[in-house]
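Novice: Going down the list, the protein sequences come from chains A, B and C. For the first sequence, this note's numbering assigns the number 1466 to the last residue and increments by one with no breaks. For the second sequence, this note's numbering assigns the number 1466 to the last residue and increments by one with no breaks. For the third sequence, this note's numbering assigns the number 1466 to the last residue and increments by one with no breaks.
If you're looking for bench data, these hints aren't it; they were derived computationally from the structure. Wrong hints could be hidden among the right ones.
Pairs count within a copy or across copies, as identical chains cannot be separated in the list.
[Said to hold, decoys possible] Below, simulated PhoX-like cross-link-like pairs (lysine-lysine); rule was C-alpha separation at most 25 Å, straight line: (1) Lys1434 - Lys1103; (2) Lys1391 - Lys1152; (3) Lys1391 - Lys1147; (4) Lys1100 - Lys1131; (5) Lys1391 - Lys1087; (6) Lys1434 - Lys1097; (7) Lys1147 - Lys1124; (8) Lys1275 - Lys1195; (9) Lys1070 - Lys1233; (10) Lys1432 - Lys1308; (11) Lys1434 - Lys1454; (12) Lys1391 - Lys1233; (13) Lys1162 - Lys1434; (14) Lys1233 - Lys1308; (15) Lys1152 - Lys1195; (16) Lys1308 - Lys1434; (17) Lys1391 - Lys1168; (18) Lys1430 - Lys1308.
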Amino acid sequence: MMDLNCTFTRLAKNNIDEEMYSLIGELYPICRSITGDGVRSTLDILKKRIDLKTFEVPTGTQVFDWTIPKEWNIRDAYIKDGKGKKIVDFHDSNLHVLNYSIPVNKKIPLSELKNHLYSLPEHPELIPYKTSYYKETWGFCLSHKQLQQLKEDDYEVYIDATLEDGSLTYGEYYLPGKSSDEFIFSTHICHPSLCNDNLSGISVTTFLAHLLTGQKLKYSYRFLFIPGTIGSITWLSRNEALVGQIKHGLVISSVGDKESFTYKKSRRDDADIDRIIQLILQQNEEPFSVKEFSPYGYDERQFCSPAFNLPFGSLSRSAYGTYEEYHTSADNLDFIQKEKLIGTLKLLLHAIYMAETNTRYINLYPKCEPQLGKRGLYNALGGHVDSREREMAMLWILNYSDGNHSLLDIAEKSKIKFELLAVISLILNQHGLLDIKTGNISKEPSFVS
Amino acid sequence: MMDLNCTFTRLAKNNIDEEMYSLIGELYPICRSITGDGVRSTLDILKKRIDLKTFEVPTGTQVFDWTIPKEWNIRDAYIKDGKGKKIVDFHDSNLHVLNYSIPVNKKIPLSELKNHLYSLPEHPELIPYKTSYYKETWGFCLSHKQLQQLKEDDYEVYIDATLEDGSLTYGEYYLPGKSSDEFIFSTHICHPSLCNDNLSGISVTTFLAHLLTGQKLKYSYRFLFIPGTIGSITWLSRNEALVGQIKHGLVISSVGDKESFTYKKSRRDDADIDRIIQLILQQNEEPFSVKEFSPYGYDERQFCSPAFNLPFGSLSRSAYGTYEEYHTSADNLDFIQKEKLIGTLKLLLHAIYMAETNTRYINLYPKCEPQLGKRGLYNALGGHVDSREREMAMLWILNYSDGNHSLLDIAEKSKIKFELLAVISLILNQHGLLDIKTGNISKEPSFVS
Amino acid sequence: MMDLNCTFTRLAKNNIDEEMYSLIGELYPICRSITGDGVRSTLDILKKRIDLKTFEVPTGTQVFDWTIPKEWNIRDAYIKDGKGKKIVDFHDSNLHVLNYSIPVNKKIPLSELKNHLYSLPEHPELIPYKTSYYKETWGFCLSHKQLQQLKEDDYEVYIDATLEDGSLTYGEYYLPGKSSDEFIFSTHICHPSLCNDNLSGISVTTFLAHLLTGQKLKYSYRFLFIPGTIGSITWLSRNEALVGQIKHGLVISSVGDKESFTYKKSRRDDADIDRIIQLILQQNEEPFSVKEFSPYGYDERQFCSPAFNLPFGSLSRSAYGTYEEYHTSADNLDFIQKEKLIGTLKLLLHAIYMAETNTRYINLYPKCEPQLGKRGLYNALGGHVDSREREMAMLWILNYSDGNHSLLDIAEKSKIKFELLAVISLILNQHGLLDIKTGNISKEPSFVS
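So here's chain A without its partners, still in its complex pose:
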């Protein structure tokens, strides 16, 4: 069984917060999109830390109701004014180019140019992030302030991009456990220079995968690094056979900003993953927000589509689309806090620990209480400062281990920390008081005559 404390110690010793932040810094300049070399370079960098397998799905491949689009690659882009001065330059910020722009190279007057310019009047200093994946066009994004200063002139617009048959690239890291049942973490890798959304998700997921590597685990773990929407659709269409094995899933995105956690529940509403994350958040001291499932947001839209209805929740700090830095040039390195990255990593490790250790036990002495004293379990625990709490944990576990209640159920009912219940249940198991319950949950405790 995974040891949570050891793992937490490793986090502290290895300055993983620095490493996570620095990975974000390394990935930041790359211009990613839903296809293309930006994704490939990103995955190559991740491969230095985890043994990621990458997949290439050719343009034109049918994935459910969708088709893999042409591959987009960009080398350069700018707008020059009449005097030949670059006033907008892709090399300053890759957000300047409408993502998936087709190539262009011509001189046009301001009036025509304006049809291809995107800005944010409500945030006049920021460059917006815009895309046009499925409608072929070109465009530039710039601050509204700059847009307003543009004078009548002939402008040279230049985009050196290609949109051609190629493939969609995604990465997958699979960590086999004792069981073929899976816990999946999915993070999107299609955004260019945007840090919280979603270099934070990429970085935390990578380090999570790294930390789990080599641990003895019950579940098999799969980490998906995929372009948003088309990526999860592609993955699901190629992995339908796996669907029955997916027991827990989390979509990880926007997990590095200063806010406390937002958890969006799965469509099932009370999947174990929903209960696990809520239990952890309730035990934490910081505030948090839990949202009901809605069919809008990140890739949980696909994982929770009605034919799959997978137990996938979505974890963020600032909620999807609600913050002013969202999809703008303000989602930069300054927007990320190292301690928030590490806090996210800890939450995820905690969730994994709970999924790994959650067990339904059956009390082997269910008629009245077993005599704990004669086994040295009662008071004998007096050495612990928390002996009374441990005693209560024993009583709760014994009373509710009727084959129908898991440790998660008992934690919810008793308000005792899951970790303590997990430790105590092992002790009770070692003393022959509990057995592990396998098979289905019966309506009535099985030992009631």
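Fit chains B and C to the known structure of chain A by using the hints.
Specialist: Same frame as chain A, but now just chains B and C:
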């Protein structure tokens, strides 16, 4: 499918508020009771607007545990003082006579008269409405003020009434729809000169029936104009075979006063009609009150009796028996507000619209989201000012159309207006994304492998 | 059927409050423990009031996971200082001796004595109550104030006790009713001079048993006077065959102090006993507290262990272990209030009345309302000041007597007092409107076609 907007336009164009109010004025002077010519004249007036069928059930007929009583008719009634002056006159207000009084014609002293007088000490200016259907007696109702001014004298009491074998009369208007499943509106017609209770109900129900006539409807509609209690018992006893077809029902009464709506839920508590009315009330801007079912009130008592347990709610403005004008001469034409009549009519049309359009769809592309863009459904809706809301409606409908959720379920979950969901689901259906789900609800989405 | 009013009248006439208090006074000086002559003398005193049967279970008997311990008896105990002065004397308070102390007789210095002394630093005036049933040792309890005043000296410690093979004693009073289904009251008898915990429970239970004796009852009643934990384990191990007959159970303890009631629900959470006690508490005017089941407290721990999961709640005033007098010399006769004893007795009688009269009826006229008037039931009840409430009770009972709802269900739904519903249902039954429903609850009202 019924078009709600068109119908609302017709309401406005035709000054139906004036017409409803004027119908109340026409019916006001008639002395109605649970039997007799007052009911017949009332139904005759309604027949000018809707093709009502009337039924006569003979005195002595057994209707479940009850028996149709003798028919009561009254022509004149008064009290004269010693000087021969009429001090109480049926022709001033039919409330003056205890409803179902037997004939009387004698001179009696004040002391004896007082045993037959009814007044309201707590509302000394008002004449109460009193009945004695099942105990043969006679009496007069008058203001407490007048009662207190009566001096010792010999009074002539005269009631020219008959209580004889005859029949109980009720009216029914049936509007066949595509399905034999029924939506029933029931309103009581047994009260004499009382406007809110229940000429308002009679008038609104009549105009509702009138407006639905000629529309293409899914459900069959039945409008019952029946005396309270004995009328619904009679109708149910004669129409037991229909019971299985009744899918929605509403008892309409006291719907013209100035108060906001009171909805009393059916005994089933979560029948579709309960959910529909609550959803409309929640979407409206005015306050409202929802009450749990109780076996006391109007004819829902009979429709919701345990052997029938029909999905019948009860709609009023001021709640049953709670207002001081209730069952007094103050429930007159001044107590009715035209805009409240029209507001009730609109609510009922809205409820009908929802019952008619509520559908369980099945998403034909349930694996991930279908690609809305390529069908021109996504953003292409940008022309609408509410394009984002329409987009969300599409996503909600697609995600929850697993065969187990109706539009009503989706409206409750998503908080999106039912009308928008109804419109969007038709569009999705036209684009081949949705099919109509028929048959029973399965526990699990049928397409989950 | 038990008559609640008659029984309440008997309570008042017989000064039972005085008698209950005086029984507590009689039992107070006895040094009880989980075994020994203290328990036997206690039961002998109770035998003067109820025909209690006592049982002796030999040391060494296996009772589930436990073994009946050696029997403990004590005659004398003291600590003398160097001058031979008794500074701690068992005859002043039996709390002075660690309950289950082994014999000792020696002189020891203060430093060694201190290892055997127990006090309460947070309540320096009070003597604590301490036990050591399963670990052989000796000790004294004293006020912290006295402990701090002890000087360096040679102390004589003397405990004249025996811990030998013998038996565990418990008492049982069985009152057979019409049915072999049982209602059990259990109270612990193992505490020495402590009044609230649990002489109050012993006294109230004794008088409850006494009052029920001779009454015609539906249920059979069993009153258990048992040592805590080992006693209930012993009883359950010897009476496993009875378990299926136990329909309601209450653990009674700490019911004489000044506080209002605390009810701890059974592990089943919505057993009839849980609903009955909560309904009574809600109808009472005083505040009360209801707690969820937890596997810690009094003997409900054993009755609600997972293999039995019996419908046992636990009734107290001050909750288990929460008051500062708990398990100290301050839990003395002054801590008990007579009116609280009688209040507890009334609550228990009320609960018994409800369990006895709770019935599922079936309305024999379920199609619409039966005509109450022709049976003289409607208005004819006008003589009662509460005639309207009685009328409502009739309507509620008739509407919900579909075979699925008991009077308890109807009381919860209607907010009408259970007692009124019980009386009215008898009247309706006598008038042939209701029949008693036997057999299982069906999902649907059985008379719906």
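Novice: Is it within a copy, between copies, both, or neither that the alpha carbon of Lys1152 lies no farther than 25 Å from that of Lys1195?
Specialist: neither (46 Å within a copy, 44 Å between copies)
Novice: Measure nothing new, just compare the shortest in-copy and cross-copy C-alpha distances for Lys1233 and Lys1308 to 25 Å and report within, between, both or neither.
Specialist: Neither, since 33 Å and 41 Å both go past 25 Å.
Novice: Given a CA cutoff of 25 Å, do Lys1391 and Lys1233 count as a within-copy pair, a between-copy pair, both, or neither?
Specialist: Close neither inside one copy (34 Å) nor across copies (46 Å); limit 25 Å.
Novice: With 25 Å as the alpha-carbon cut-off, assign the pair Lys1434 and Lys1454 to within, between, both or neither.
Specialist: Classified as within; 21 Å inside a copy, 45 Å across copies.
Novice: At 25 Å max between alpha carbons, let me know whether Lys1308 reaches Lys1434 within a copy, between copies, both or neither.
Specialist: both (23 Å within a copy, 20 Å between copies)
Novice: What label fits Lys1391 with Lys1168 when the C-alpha limit is 25 Å: within, between, both, or neither?
Specialist: Neither: 90 Å inside a copy, 37 Å across copies.
Novice: When Cα atoms must be at most 25 Å apart, do Lys1391 and Lys1087 count as within-copy, between-copy, both, or neither?
Specialist: Between. Shortest inter-copy distance 15 Å satisfies the 25 Å Cα cut-off; intra-copy 72 Å does not.
Novice: Quick one: Lys1434 to Lys1103, C-alpha cut-off 25 Å, is that within a copy, between copies, both, or neither?
Specialist: neither (60 Å within a copy, 49 Å between copies)
Novice: Between Lys1100 and Lys1131, at a C-alpha cutoff of 25 Å, which is it: within one copy, between copies, both, or neither?
Specialist: within (18 Å within a copy, 98 Å between copies)
Novice: Between copies, within a copy, both or neither: which fits Lys1070 and Lys1233 at Cα up to 25 Å?
Specialist: Answer is within; shortest intra-copy Cα gap is 21 Å, inter-copy 60 Å.
Novice: Classify it for me, Lys1430 with Lys1308: is the Cα-Cα distance of at most 25 Å met within a copy, between copies, both or neither?
Specialist: both (22 Å within a copy, 13 Å between copies)
Novice: At most 25 Å between C-alpha atoms: does Lys1434 with Lys1097 qualify within a copy, between copies, both, or neither?
Specialist: Neither, since 62 Å and 49 Å both go past 25 Å.
This entry does not satisfy hints 1, 6, 8, 12, 13, 14, 15 and 17, going by the numbered hints stated previously.
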